[in-house]
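Number of protein chains: 4
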Amino acid sequence: MASKAFAIVAGVGPGTGAAVARKFGAAYPVVLLARNPDNYESTVKEINNSGGKAIGISTDVSSASSIKDAMRKIEQEFGKGGCAAAIFNASGRFVRKPLLDMTEEEFTAGYDVSCKGAFLFSQAVLPLLLQTVSAEGQHPPTLIFTGATASIKGSAQMQSFASGKFAMRALAQSIAREFAPQGIHVAHAIIDGVIDIPRTKDWLKGMPPEAKISAEGIADTYWHLHTQPKTTFTNEIDIRPMLEKW
Amino acid sequence: MASKAFAIVAGVGPGTGAAVARKFGAAYPVVLLARNPDNYESTVKEINNSGGKAIGISTDVSSASSIKDAMRKIEQEFGKGGCAAAIFNASGRFVRKPLLDMTEEEFTAGYDVSCKGAFLFSQAVLPLLLQTVSAEGQHPPTLIFTGATASIKGSAQMQSFASGKFAMRALAQSIAREFAPQGIHVAHAIIDGVIDIPRTKDWLKGMPPEAKISAEGIADTYWHLHTQPKTTFTNEIDIRPMLEKW
Amino acid sequence: MASKAFAIVAGVGPGTGAAVARKFGAAYPVVLLARNPDNYESTVKEINNSGGKAIGISTDVSSASSIKDAMRKIEQEFGKGGCAAAIFNASGRFVRKPLLDMTEEEFTAGYDVSCKGAFLFSQAVLPLLLQTVSAEGQHPPTLIFTGATASIKGSAQMQSFASGKFAMRALAQSIAREFAPQGIHVAHAIIDGVIDIPRTKDWLKGMPPEAKISAEGIADTYWHLHTQPKTTFTNEIDIRPMLEKW
Amino acid sequence: MASKAFAIVAGVGPGTGAAVARKFGAAYPVVLLARNPDNYESTVKEINNSGGKAIGISTDVSSASSIKDAMRKIEQEFGKGGCAAAIFNASGRFVRKPLLDMTEEEFTAGYDVSCKGAFLFSQAVLPLLLQTVSAEGQHPPTLIFTGATASIKGSAQMQSFASGKFAMRALAQSIAREFAPQGIHVAHAIIDGVIDIPRTKDWLKGMPPEAKISAEGIADTYWHLHTQPKTTFTNEIDIRPMLEKW
Numbered sequence: 004m005a006s007k008a009f010a011i012v013a014g015v016g017p018g019t020g021a022a023v024a025r026k027f028g029a030a031y032p033v034v035l036l037a038r039n040p041d042n043y044e045s046t047v048k049e050i051n052n053s054g055g056k057a058i059g060i061s062t063d064v065s066s067a068s069s070i071k072d073a074m075r076k077i078e079q080e081f082g083k084g085g086c087a088a089a090i091f092n093a094s095g096r097f098v099r100k101p102l103l104d105m106t107e108e109e110f111t112a113g114y115d116v117s118c119k120g121a122f123l124f125s126q127a128v129l130p131l132l133l134q135t136v137s138a139e140g141q142h143p144p145t146l147i148f149t150g151a152t153a154s155i156k157g158s159a160q161m162q163s164f165a166s167g168k169f170a171m172r173a174l175a176q177s178i179a180r181e182f183a184p185q186g187i188h189v190a191h192a193i194i195d196g197v198i199d200i201p202r203t204k205d206w207l208k209g210m211p212p213e214a215k216i217s218a219e220g221i222a223d224t225y226w227h228l229h230t231q232p233k234t235t236f237t238n239e240i241d242i243r244p245m246l247e248k249w
Numbered sequence: 004m005a006s007k008a009f010a011i012v013a014g015v016g017p018g019t020g021a022a023v024a025r026k027f028g029a030a031y032p033v034v035l036l037a038r039n040p041d042n043y044e045s046t047v048k049e050i051n052n053s054g055g056k057a058i059g060i061s062t063d064v065s066s067a068s069s070i071k072d073a074m075r076k077i078e079q080e081f082g083k084g085g086c087a088a089a090i091f092n093a094s095g096r097f098v099r100k101p102l103l104d105m106t107e108e109e110f111t112a113g114y115d116v117s118c119k120g121a122f123l124f125s126q127a128v129l130p131l132l133l134q135t136v137s138a139e140g141q142h143p144p145t146l147i148f149t150g151a152t153a154s155i156k157g158s159a160q161m162q163s164f165a166s167g168k169f170a171m172r173a174l175a176q177s178i179a180r181e182f183a184p185q186g187i188h189v190a191h192a193i194i195d196g197v198i199d200i201p202r203t204k205d206w207l208k209g210m211p212p213e214a215k216i217s218a219e220g221i222a223d224t225y226w227h228l229h230t231q232p233k234t235t236f237t238n239e240i241d242i243r244p245m246l247e248k249w
Numbered sequence: 004m005a006s007k008a009f010a011i012v013a014g015v016g017p018g019t020g021a022a023v024a025r026k027f028g029a030a031y032p033v034v035l036l037a038r039n040p041d042n043y044e045s046t047v048k049e050i051n052n053s054g055g056k057a058i059g060i061s062t063d064v065s066s067a068s069s070i071k072d073a074m075r076k077i078e079q080e081f082g083k084g085g086c087a088a089a090i091f092n093a094s095g096r097f098v099r100k101p102l103l104d105m106t107e108e109e110f111t112a113g114y115d116v117s118c119k120g121a122f123l124f125s126q127a128v129l130p131l132l133l134q135t136v137s138a139e140g141q142h143p144p145t146l147i148f149t150g151a152t153a154s155i156k157g158s159a160q161m162q163s164f165a166s167g168k169f170a171m172r173a174l175a176q177s178i179a180r181e182f183a184p185q186g187i188h189v190a191h192a193i194i195d196g197v198i199d200i201p202r203t204k205d206w207l208k209g210m211p212p213e214a215k216i217s218a219e220g221i222a223d224t225y226w227h228l229h230t231q232p233k234t235t236f237t238n239e240i241d242i243r244p245m246l247e248k249w
Numbered sequence: 004m005a006s007k008a009f010a011i012v013a014g015v016g017p018g019t020g021a022a023v024a025r026k027f028g029a030a031y032p033v034v035l036l037a038r039n040p041d042n043y044e045s046t047v048k049e050i051n052n053s054g055g056k057a058i059g060i061s062t063d064v065s066s067a068s069s070i071k072d073a074m075r076k077i078e079q080e081f082g083k084g085g086c087a088a089a090i091f092n093a094s095g096r097f098v099r100k101p102l103l104d105m106t107e108e109e110f111t112a113g114y115d116v117s118c119k120g121a122f123l124f125s126q127a128v129l130p131l132l133l134q135t136v137s138a139e140g141q142h143p144p145t146l147i148f149t150g151a152t153a154s155i156k157g158s159a160q161m162q163s164f165a166s167g168k169f170a171m172r173a174l175a176q177s178i179a180r181e182f183a184p185q186g187i188h189v190a191h192a193i194i195d196g197v198i199d200i201p202r203t204k205d206w207l208k209g210m211p212p213e214a215k216i217s218a219e220g221i222a223d224t225y226w227h228l229h230t231q232p233k234t235t236f237t238n239e240i241d242i243r244p245m246l247e248k249w
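First to last, the sequence lines map onto chains A, B, C and D. The first sequence maps to residues 4 to 249 in the working numbering. The second sequence maps to residues 4 to 249 in the working numbering. The third sequence maps to residues 4 to 249 in the working numbering. The fourth sequence maps to residues 4 to 249 in the working numbering.
This is chain A alone, in the form it adopts within the complex (with noise of 0.2 Å):
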């Protein structure tokens, strides 16, 4: 695959996002997002110095301005040369709260994020990506979200973030029925359950490592779906470890 185009990866912690970083950057040179540099510079590091190209930079996807900026950066950086792959990975603050107890900014702070952010970074990245789709030996362009269990279930005192992440469902779909016909991939993935990092060390203490998702096996089925060609576009994928209850 002969490629000057390059991945983006919005939403880079230690988890998923990394691991789809570190998946797309040993085919294409990577950009990664996060508001936070301690929070890609080490997989930024990685990349490079495995042999790739990545580079960083600090955005706050919930502001236009933002990720305008993260644009401007990324075209200085790689040019005209169009995204081969977008993936959007950020989600607004897990506030659990019974709804009375919410204040309105922690209850609008999950669709921030986790949407009008998606509907910023779409916005910015489309473009790009539509550059790409009749590009020779090219997988199709594809936009993927990350989205959760609470992407399908509204559960108690589950209101920010689940509100959050239906409404990034809802643009998701509206995106893949306008730019499909284009060419461009776009997929939604459910992911359900608790993701195995750092952070999450101590949760599901004396279960069996199958009780958490592995980032890298996210990562890996992403790749997937950006190598499924213009005839097999997969919209909507759920992903669990083996012992999660659904």
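If you are wondering where the hints come from, they were derived from the structure by calculation, not from laboratory data. A few of these clues could be false.
No distinction is drawn between identical chains; accordingly, a pair holds when it is met within one copy or between any pair of copies.
[To be verified] Once the Cα atoms are required to be at most 25 Å apart in a straight line, the calculated SDA-like pairs of lysine to any residue come out as:
| id | residue 1 | residue 2 |
| --- | --- | --- |
| 1 | 100 | 138 |
| 2 | 76 | 102 |
| 3 | 208 | 186 |
| 4 | 208 | 97 |
| 5 | 248 | 130 |
| 6 | 248 | 99 |
| 7 | 83 | 61 |
| 8 | 248 | 55 |
| 9 | 71 | 112 |
| 10 | 156 | 186 |
| 11 | 248 | 197 |
| 12 | 248 | 133 |
| 13 | 100 | 207 |
| 14 | 76 | 104 |
| 15 | 7 | 136 |
| 16 | 71 | 205 |
| 17 | 100 | 127 |
| 18 | 71 | 106 |
| 19 | 56 | 41 |
| 20 | 248 | 207 |
| 21 | 100 | 134 |
| 22 | 76 | 17 |
| 23 | 71 | 100 |
| 24 | 248 | 103 |
| 25 | 248 | 158 |
| 26 | 208 | 232 |
None of these values were measured; they are calculated from a predicted model.
Starting from the known structure of chain A, fit chains B, C and D onto it as the hints suggest.
Just chains B, C and D now, kept in the frame of chain A:
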């Protein structure tokens, strides 16, 4: 049913909101909320003239302070009688536009009313609904959200409206699951089709009347939901005219 | 409502079926079908004693010839008056068993009643329902299917019951889409929880009454569905007690 | 991957089944089941000629004894090596007919293959899949069911096909939930669109190739599902061509 408890309908226009207000106004004093008094004044007058009691309050449901003002006026009017039923029928502006042509403001408008508004409204009315939980001879206090086809399907160019409606559905589920054990009945209605109101008079031209939904039919079904006992709660229902494709 | 049209309830036991028969029996002559006459005799007597008209017919809904016999008796009794409402409430035997321990007969039993029975019943009653489509002053003729949690979720060891109920839901949707344009109202109800009947008296011990569904509550909701006008059809509804987890 | 474990594909015609057999046949000895040997013979030959190992067995998956015969032949051929992957790709006859014109036999034909067949096949292969659960270096043993649009939507006149496919989806979920904790990966694929095979050559005339699904694309995705580790199981996935409306 002896009762000082009142009903509140948010989002009153010439269609569903007015019909619901009339229906619930036959049993309860009823409060009509809409931004523009033009939207509720004739219905308020009609209910008062036909022996019921209704007041209208100009309210922007997407504004916490506007909702607070409304609740203060309601308390002045009805004291601490508690709320028997609250219906959230407001919708964000309906913008259908290619994703790349949509402004951030147009996109978030869907959420601001449909979901943030629903959240603010729910926070305001739930304490009043909880007051009537054990009221003798009362139907279980009921909170109903008016959804749409776009609550479960994100069509092309519908990203604003659909993301707001998906988000509202998540909110409705979260509230249902938190408050059902406390005796509150929360229902989400998927209104799938064109409602027969003055504004849609020229839509579906040449089709018989059964191609549109009757606002009175919706109101009758909302009233039935309200009368369901604690043993028999419906949390989601769809409603469409007999000629609707689905 | 002037009417010789009658209602038919298939699958009458001491719970939902009996309650539905009583409810519809207050407005229409009503036919009760069950394999075992013990299951309908007391309800038939009760309806007849309270001024209504009811007959019971021993019927195996999974048998085409048994259904045909029942329809012949119905015609003898009611002539060609047509059918106002038909409720399919029969369920396959509830077998919960590890997949590898289940016999073919146990597996298909779920489908035979829940779905093949529903098909045979629908074929028998639809011509009678079509007769009353334009009857003056009548509610739209209504065909209601009683589903369950297992209509939308296949739990472990529930393969027999769930596959039958999923299949019935497909059938209900297909019939709804074919016959709605002809004026027939088809509804599928997801009954999610334990119904409060003699057989379940000892289930959920220690829980308050709101942990179980009231059969009368279901019947009231089915009646409401029947009264919906052609402009306002509900095709799917869920029903659960306030203490049910979902 | 050192392995004597084999793969089984039930329902091999010139489309998905053959493509899946070729794909899995590149890694495993593969057994092809179809009623009519014409349907598998050329694929069996092709796999054997290209260095793989394949056998075909004429089997009626809706018949317990026919399945049993097939399993006996498989054991003769492969001993007790166990099964690495089993794909159920058989479908009932596709009959689209008004409900009132459909015979009982036509109606149940959908279920007999799509669901009863899937049940019988699952009972036969699960013990063989369980044998390979802890095989060193193996992917988790995988059982995949091929569904369709009709697995989640019952369209008009589609009652036979849809009820069989809904039922199969219930079965797949029940098996997934029972056997995932034992290490078996069960996936259900919703194939939404026309598959590009000789029989559909003249369908969607005038449309570009991206209007049909590639059988090879499906096979690649099934293979990816098979490679997912125990931490990252996909239980449901949809697949459609880029020009499909959904």
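Right, here's what the structure says about each hint:
In the homo-oligomer, the alpha carbons of residue 100 and residue 138 never lie at most 25 Å apart, since the shortest distance is 48 Å inside one protomer and 28 Å across protomers. Taking the shortest Cα distances, residue 76 and residue 102 sit within 25 Å of each other only across copies (23 Å), while inside one copy they are farther apart (41 Å). Taking the shortest Cα distances, residue 208 and residue 186 sit within 25 Å of each other only across copies (20 Å), while inside one copy they are farther apart (45 Å). Taking the closest pair of Cα atoms, residue 208 and residue 97 come within 25 Å of each other only inside a single copy of the chain (21 Å); across copies the shortest separation is 36 Å, beyond that limit.
Proximity of residue 248 to residue 130 under the C-alpha cut-off of 25 Å is restricted to the inter-copy arrangement: shortest distance 22 Å between copies versus 40 Å within a copy. Both within a single protomer and between protomers do residue 248 and residue 99 lie at most 25 Å apart by alpha-carbon distance, with minima of 20 Å and 18 Å respectively. Proximity of residue 83 and residue 61 under a CA criterion of 25 Å is satisfied intra-copy only: 21 Å inside one chain copy versus 51 Å between copies. When the C-alpha separation of residue 248 and residue 55 is checked against a cutoff of 25 Å, the pair qualifies neither within a copy, at 38 Å, nor between copies, at 38 Å.
Taking CA atoms no more than 25 Å apart as the test, residue 71 paired with residue 112 passes in both settings, with 21 Å inside one copy and 21 Å between copies. For a Cα distance limit of 25 Å, the shortest separation of residue 156 from residue 186 across copies, 21 Å, qualifies, whereas the shortest one inside one copy, 30 Å, does not. Proximity of residue 248 and residue 197 under a CA criterion of 25 Å is satisfied in both settings, with 12 Å inside one chain copy and 21 Å between copies. In this assembly of identical chains, residue 248 and residue 133 lie within 25 Å of each other by CA distance solely across copies; the values are 20 Å between and 39 Å within a copy.
For a Cα distance limit of 25 Å, the shortest separation of residue 100 from residue 207 inside one copy, 21 Å, qualifies, whereas the shortest one across copies, 29 Å, does not. Taking identical chains as interchangeable, the C-alpha atoms of residue 76 and residue 104 lie at most 25 Å apart only when they sit on different chains, with a minimum of 23 Å there against 41 Å within one chain. In the homo-oligomer, the alpha carbons of residue 7 and residue 136 lie at most 25 Å apart inside one protomer (14 Å), although the nearest pairing across protomers, at 42 Å, exceeds that limit. In the homo-oligomer, the alpha carbons of residue 71 and residue 205 never lie at most 25 Å apart, since the shortest distance is 38 Å inside one protomer and 42 Å across protomers.
Within a single copy, residue 100 and residue 127 get their C-alpha atoms only as close as 33 Å, which misses the 25 Å cut-off; across copies the closest is 16 Å, which meets it. Proximity of residue 71 and residue 106 under a CA criterion of 25 Å is satisfied inter-copy only: 14 Å between copies versus 29 Å inside one chain copy. Within a single copy, residue 56 and residue 41 get their C-alpha atoms as close as 18 Å, which meets the 25 Å cut-off; across copies the closest is 52 Å, which misses it. In this assembly of identical chains, the alpha carbons of residue 248 and residue 207 lie at most 25 Å apart whether taken from the same copy (13 Å) or from different copies (22 Å).
In this homomeric assembly, residue 100 and residue 134 come within 25 Å of each other (Cα to Cα) only across copies, at 21 Å, whereas the closest approach inside a single copy is 44 Å. In this homomeric assembly, residue 76 and residue 17 come within 25 Å of each other (Cα to Cα) only inside a single copy, at 23 Å, whereas the closest approach across copies is 50 Å. Taking the shortest alpha-carbon separations for residue 71 and residue 100, only the inter-copy value of 21 Å comes in at or below 25 Å, while the best intra-copy value is 33 Å. In this assembly of identical chains, residue 248 and residue 103 lie within 25 Å of each other by CA distance solely across copies; the values are 21 Å between and 29 Å within a copy.
When the C-alpha separation of residue 248 and residue 158 is checked against a cutoff of 25 Å, the pair qualifies both within a copy, at 15 Å, and between copies, at 10 Å. For a Cα distance limit of 25 Å, the shortest separation of residue 208 from residue 232 across copies, 21 Å, qualifies, whereas the shortest one inside one copy, 41 Å, does not.
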